[in-house]
Structures are given as C-alpha cells and as structure tokens.
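Trainee: Dock chain U against chain L, hints included.
There are 2 protein chains.
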Amino acid sequence: MSKKEKMVQEITSMQEDFAQWYTDVVKKAELIDYSSVRGCMIFRPYGYAIWENIQKELDQRFKATGHENVYMPMFIPENLLQKEKDHVEGFAPEVAWVTHGGEERLTERLCVRPTSETLFCEHYSNVIQSYRDLPKLYNQWCSVVRWEKTTRPFLRTLEFLWQEGHTAHATQEEAQEETIRMLNVYAEFCENVLAIPVVKGLKTEKEKFAGAMATYTIESLMHDGKALQSGTSHNFGDGFARAFDIQYTDKNNELQYVHQTSWGVTTRLIGAVIMVHGDDSGLVLPPALAPTQLVIIPIAQHKEGVLEKANELKEQLSQYARVKVDDTDKMPGWKFSEHEMKGVPLRLEVGPKDIEKQQVVLVRRDTREKFFIPMDELDTKIPALIQEMQRDLLNKAREHRDQHTYIARTLEEFEQIVEEKPGFIKAMWCGDVACEDLIKENTGATARCIPFEQENLADTCVCCGKPSKEMVYWGRAY
Amino acid sequence: MSKKEKMVQEITSMQEDFAQWYTDVVKKAELIDYSSVRGCMIFRPYGYAIWENIQKELDQRFKATGHENVYMPMFIPENLLQKEKDHVEGFAPEVAWVTHGGEERLTERLCVRPTSETLFCEHYSNVIQSYRDLPKLYNQWCSVVRWEKTTRPFLRTLEFLWQEGHTAHATQEEAQEETIRMLNVYAEFCENVLAIPVVKGLKTEKEKFAGAMATYTIESLMHDGKALQSGTSHNFGDGFARAFDIQYTDKNNELQYVHQTSWGVTTRLIGAVIMVHGDDSGLVLPPALAPTQLVIIPIAQHKEGVLEKANELKEQLSQYARVKVDDTDKMPGWKFSEHEMKGVPLRLEVGPKDIEKQQVVLVRRDTREKFFIPMDELDTKIPALIQEMQRDLLNKAREHRDQHTYIARTLEEFEQIVEEKPGFIKAMWCGDVACEDLIKENTGATARCIPFEQENLADTCVCCGKPSKEMVYWGRAY
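Chains L and U, in that order, are what the protein sequence lines are.
Heads up: the first sequence begins at 197 in my numbering, then just goes up one per residue.
Heads up: the second sequence begins at 197 in my numbering, then just goes up one per residue.
Among the clues, some could well be false.
One copy or two, it doesn't matter: identical chains are merged, so the pair holds either way.
What the hints assert, rightly or not - Straight-line C-alpha distance at most 25 Å; calculated DSS-like pairs for lysine-lysine:
id	residue 1	residue 2
1	K422	K223
2	K566	K553
3	K447	K531
4	K252	K520
5	K259	K510
6	K259	K531
7	K617	K577
8	K422	K224
9	K520	K259
10	K549	K281
11	K566	K662
12	K622	K223
13	K520	K402
14	K447	K499
15	K259	K577
16	K526	K447
17	K566	K549
18	K224	K259
Quick caveat, the hints were computed from the structure, so don't treat them as lab data.
So that you can see chain L by itself, here it is in the shape it has in the complex:
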C-alpha cells in the first residue's frame, strides 16, 4: 500500500458518515486543534490564514462602503446587558460570567460579550449629539462567547471569531438601506470569494435576532443537504435607541432617536467552505480564498537543476498567484496527498523530464484534470485556470443547490421530502407561528428565510391550508 493510499484512507468518506468526514477534514487539513476547554478550538496556522483572507476581503468591502473599525471591551456589566428586554432574554441564558478579579469578588458580575449591541449603544449615547454626528458606521473584529451545549468546529463553538457591524442613522429609511446594503455585501462576498451561492431573505419573527425589528439572512446549502445560516443583518429601528437614550438634535433643533443596525459573519463561513466544496480527498478551496493557490512539487528534487527551476517558476508565477514550493524531504506522492487534503487549488509538478521538454504538469484540485503545459504558456494559463476554477466551483455549488431545492404543496409532501431528499424546501406559508412550530415538530425543518425572490407556488399554506402570505425556504439546518 502506497503512502498516498494510506493517507487518503485516513479520512472517512462523505457518503459513509458526513459528520465524521467533516471532523476528519478539519483535523487532517490542519485547520484546528482541540483545546482543553470544552467547545473552544485552536486555529492552527492554515485555518487562521483562511480566516485572515476572509478578514482582508471583507474589511476592504466594509471600508469601501464607508465603515470604520473600532474596539469595544470584552466585558459587559450585568445591568448594561439588561437594558433592552428582548435582547437580555435572548442572550443571558448563554453567557459566561466573570465573578472574580484577582482575589476579589466583584460587586457586579461581568459577562463576556456574546455580541456587543449594548456596548455600542452606551458609546453611541456618549458620542452622538447632533445630526452632524450621523451616520456612525462602525465595525469590530473580535471574538465572542456563547455557552452552547453541543459544539462542532467552526459551526458552533463556545468562543468564536467574527465581525460585528453596528451603525446609527438619522432615519429609519437610512437604517433599512444599510441593513440591505450589508446583506448584499455578504452575498457578493460569499459568491465571489467563497464560491458559495446564497438565498437572501427575511427571517420569520420566531427566528429573528433578540432585540431586532427585522433580521435578514443569507442561507446556503451544504453538500449533505443541510442549510447553513451564513450571515445576518438586523434592522433595530429605534428600539435600542429608546432603551439606551441615544438621541440627536436634528436640523430643526428637535431631539430624535437614532435608528440602528447590526450585521455579522463568523468563522462558521470556514465550515461552509468545507461542506460546500470538500470531497473524499479533503478540503477544496476556492482560489480567491486559498492561502496557497499554486503549490510547486519538484520531482526528483535532488537532481541537478530541479529545485532551481522550481524556485524560478515560483518567482515567475508569484505575480499571478500565491505560490509555494514544497521542497521538504517527503516523497512526491505524499506531498500530493497533503496538498490535496489542504485543498490547494493548483498543483504544478516539475522534474528532469519536464525541464527537458520545457513543460510542466498541472493538476486542478477540484476536477483532478491533468494538463501538460509548455513553460512559455504559463503566464497566460495560470491566471486563466485560477479564474476558471473559481467560476466552476460557484457554478457547481449552484447546480448542487438547485438540484437539492424542492417544492412541497402539502404537509405530507413536505415530510416525505425531508425524509428522503435532504435540501431546501420551498413552500407557501400563512404567516402563523403555529404552522412554523408544527412543521418544526414534525420534520425538524425550520423556516430558513422568506426570500426576496418570491414565487407563488400555491394559494394556501402548506401546513394549515389557510390562505398563504408568502413563500418560505425551509430546511434542516446546522
């Protein structure tokens, strides 16, 4: 048995056990390690480099839309968390409490932030006085803590990394525009960088954020047919402003409450990338996200001129891609498996024979296609292949999503689809939470969103048969 076969066999196949396959990939691709704190994970260099690329791409988009980064404290005093009623009800049951500082017992407990609305509101009430101070378009990159019962790497952890945008506006219209603008930024980022197609829509009242007037979401579909909430954007109206007394003097010298939004995405996006693009050899990274886009494997690297040529190619191709040479003393087959496991988009092999023929071997990670490319064509072929692979991954994911999106017109149909064909289910809904609850109870599926792109599938609710108000995407979700 070759080393390559051995390595590939080390991970469970997706068909056999998707959950175990996922766990195997996050470990073997060296994305994470477990720590001794339950539910907290360690981002290893490769996992963190992926997050850094997500940060870089999003941060550019935030700044291009006028946002500024800030940093708020990680602690929230208990009384501050309690100021907005719905918000505290939603979060208090799942926060970590600091009760002692050094040897001393605190007079008031501090929670480790599960999200920072209350801190931003307190600050906004200090710094917003006049219409000239608006809008405030702030974002912060940080980690937050939610005391979850069950956890899975990237998807649900006690501590996770994220960004949280918090904005304050003079009018409700501006707040609504901002809410939708940032949802669109997320959607564009997911499609163009992560190569993940998303459904944009509104959360139901039952599923909305604690304290929000309206929550918008982008929903994506994983390879196993489960849905993943991939980012949310909330319009708070003036609810927090009234609770925290955030008022400004308008141009007519009258006091007005501000209107606020918040929006966030987390490291669970890395989980989405794994579960949308990965295969039985491991991770498959879209080139736009990959820390290394092209890995060069020298063949018979001890032979004269091979390593020199590999490094020369690296120099040459670094203008088009993030390139690495793997010149470790492992066997080439072993290296192939390692970089496949890590999802490196392109592999370039170059050995004595290739040098003689003035060509290289190029292999695409996603399709495994193998190309023999003359060296003097690399300057055009490499950037073209990178673009092509990025586009193909998105198309493939969109096809998979569309093929796994079903329509249900009766509850029986709905139940049957959930059992037999995991995926999104489009079905009409009357708007009554009783039907939403019943569907969840019977099938485990939740309302993912009320999509912006509505279709009239029927005139009656899939559950109760009463007149339907809107079409909803349903699904079992992570």
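Mentor: Same frame as chain L, but now just chain U:
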C-alpha cells in the same frame, strides 16, 4: 476669542500637569472613550486606525521572519495555568475568573488569558513529535486581561490589545537567537515607524517575566522623563517544556525537550507615541504611523473651483501619501485645530488665491513651519517632507532622550538626579537584588535594563560600593 484659541485652550499644558495633558489628548484627539467597566477602554476609529497601522507594520515583519499567525482560546482552565510554578505565581493574583456558563456553575474555574504561554505549551505538546516539526514560529493578535488596581488609557488597562509570539526550537542556541531577533525587530519598528529610540537590554532577575530564564526589553523615555517598557522578548529555556512535557525525537532518535521563547508588544505603544511626540496642541504622529498623513483644507470652499481643486490634489497626492480632504462645513481655523489635535503630519491649504497663483500652503505639524509650494513641485515636495518629518521626529526624540540621560556614581548623586532631573540614570551595579531593592525604596526608580551597550562608569556599585558587575539603566517608569 477665536474658535481656534478656544479649542487649543481646552487641553492642559504639558508643563502644568503632564498626566492631565495626556488624558486630555487621548480624549480630545478622539482616540478613546471610557466604558462602564472599570479600566476597560473603547478604541474609537482614530485610535483603532493607529493600532491597525501598528499591526500591519509588525505583522509584515513577523511574516518576513518566518512566523505564522494562529488563534488560541481566551480561556485557560485553572489547572492548566498552574502547571508552571513561577508563571502561576506571577499571574494568578491578577486574572479574571469565569465561574458560571449560562445558568450552570462550572466544575473548574476558567481564567481569561492574561498571556497564553500555557495554551501554546499544551498545543505544542500535541503537535510536536519530531525534529521535522521544529521550529514552530507562531504569533497571535488578541486581547488579554490583567486585573490591575490603577489604570491609565493605553498604558495600563484591565483589557489590552497585543500580539504574543510563541516559538519552540530544537536547541537553546536557536531559542536565544530568536529571542534577540525579535527584540531587534521591535527596536527597528519603534525607531523607523514610531520614531521612538529605544535602549535594548536584559531585565534583572527581579524584573524578569514569570517563568522566563531571561527577559530582554526595549526601554524608551517619555517627554516627562519617565521610562516606558515598550516591548519584551523572553527566553524560556526548557522550563515550560519540562512542565508541559514538550519533547521531540531528534535525528539520532533520542527524546529532547524543546526550547521556547515568547515576545510581545501592546497598545501601550500608542501611549508612548503620545508621550514622546505630543505637544500643547495635541498629538503629533510620525508619518509612517499616521492614518492620515496629509489633510487638505479647502479655503472658502463655497467658491467656484476650490473643492474641485482640493479633490484633484487628493487624487494626485494619494500616490505618495494617505490623503484626506476635510470638506465639512466648519470654519478653516476650527479644522486646523482639529487636525493639529489629531497629529496629522501635514496640512495643505488651498483657496481661490492659491489657485490663482498655482500654489498651495503647506504646514508641518511638528515644527509648524509654513511653506508656499508651487503646485507643479508637489510631486517631489510631499514625499520629501514626509521622509524629512519622520527622520526629524526620531532625531528630536533621540536628542531629548540623550539630554535626559544622566550618570550617577554615588547613591546621593542618584537620589538628587531622580528628584531634580527626571530621565534615565546610568549607574554601575554589583548584581545584588538588595541594592536594587534599596534604590527602588529610596528613589522610586527601578532597574530598566542591563543594556547591551555597556560602559564602565566606575568599578564600584552605586549603592553598596562593592565591586560592580555591570552598568544598568535606571528610571522611574510607567
């Protein structure tokens, strides 16, 4: 009284009350806001943008020296913190303890990381097996918490932002090389980016890091003559490796302990910049650090062509500098004061008369020199002025430091200098902690470092008169 005068008067002068001047600057330059948690501060956009520039510059340097970023959990279980004896003694008295998660009382307390040696060690013991796995050159950007009694913005806060490098090496020699390499990276960064000269040296046993074999430091001198420890780099030897059982198999197939280092700088560097370069009009930022290097103030901006010209100049000059146009509806004098307070290195004024004469007015923040510059010379003058100002600030700070560095040969001389002439004191030392303690008790000055650049000022200890071992930099410190 003009608005400008009023604004300048709003801050206390440095001579009158340096501490109050400092507090005024951090508030009025909009670097920070206070939060409702004692000792935790809010980084406002301008303060955070400065930190982002520090991060970008340092991160480049870390990556260029082969380091990779990772992220460790923010919580450390109590038993993990206790594994290295000296380390826990140093940190346990000043950590925040999480005792409850949601409604449930934890079976083991978790501390919010005050530093992450223990987490890195636990991870290293998992991922290091063979000499092939070495060196591990990791860094993380995060926030840490130390339950300090008294706090001051940037200089000492309960929570602060920092980076912590943690490395593991096959040999003690390599660990020592790394320790010094990173100290040199810090020193180069402080001089070339922050324009702050530093003294490099070794900490005394009394002042070294809890758990370290040796701590190296860079020390800088503030405008008021107080010293600031600006960055540290520790060689741990194999102490942590023995406590955490981090062993690797060497080339001879024998088990060896790794040798480790750690090194860090924090947001207190922003405090250093304020206290080294600031003046009675506020902050003065070295161009290499400044979020905005050149602010364009349109004069009589309602007149035809003025705003257009301002924006045109912005386009043109953005290839040399980070440029902003201030086109708010405030009076020019008010804008001048605001950008002076914020320490923007260069101000460019352009109005109808300037346009007629095809010139602009340029003002340097540090010297307040005013230049009339023909528009067609801007392409050479702007980059030249930026370089010049960066260099001048470093020279000025070095002069100030040198002028405030004194020599003491007796304890009486020492005490007199401390009382009358705040600054660094160079004095010989026998190496005995009793003398170090006595000096601290009598004068409040601590041993800042045993500098690499030694001088033989005398043959006897400044305190006890016994034979001296080395020259030490002493000073009262933040």
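Trainee: For each hint, tell me whether it holds in the structure or not.
Mentor: Okay, the hints, checked on the actual structure:
1. K422 - K223: within (22 Å within a copy, 49 Å between copies)
2. K566 - K553: Answer is within: at 17 Å inside a copy they meet the 25 Å cutoff, but 65 Å across does not.
3. K447 - K531: between (66 Å within a copy, 21 Å between copies)
4. K252 - K520: both (20 Å within a copy, 22 Å between copies)
5. K259 - K510: Close across copies (18 Å), not inside one copy (32 Å); limit 25 Å.
6. K259 - K531: Between copies, since 23 Å is at most 25 Å while 39 Å is not.
7. K617 - K577: neither (40 Å within a copy, 68 Å between copies)
8. K422 - K224: within (23 Å within a copy, 51 Å between copies)
9. K520 - K259: between (30 Å within a copy, 14 Å between copies)
10. K549 - K281: neither (72 Å within a copy, 59 Å between copies)
11. K566 - K662: neither (57 Å within a copy, 77 Å between copies)
12. K622 - K223: neither (35 Å within a copy, 54 Å between copies)
13. K520 - K402: neither (48 Å within a copy, 45 Å between copies)
14. K447 - K499: between (77 Å within a copy, 24 Å between copies)
15. K259 - K577: The answer is neither: 33 Å in one copy and 29 Å across copies each exceed 25 Å.
16. K526 - K447: Between copies, since 15 Å is at most 25 Å while 70 Å is not.
17. K566 - K549: Only inside one copy: K566 and K549 sit 16 Å apart there, 67 Å across copies, limit 25 Å.
18. K224 - K259: Answer is between; shortest inter-copy Cα gap is 24 Å, intra-copy 35 Å.
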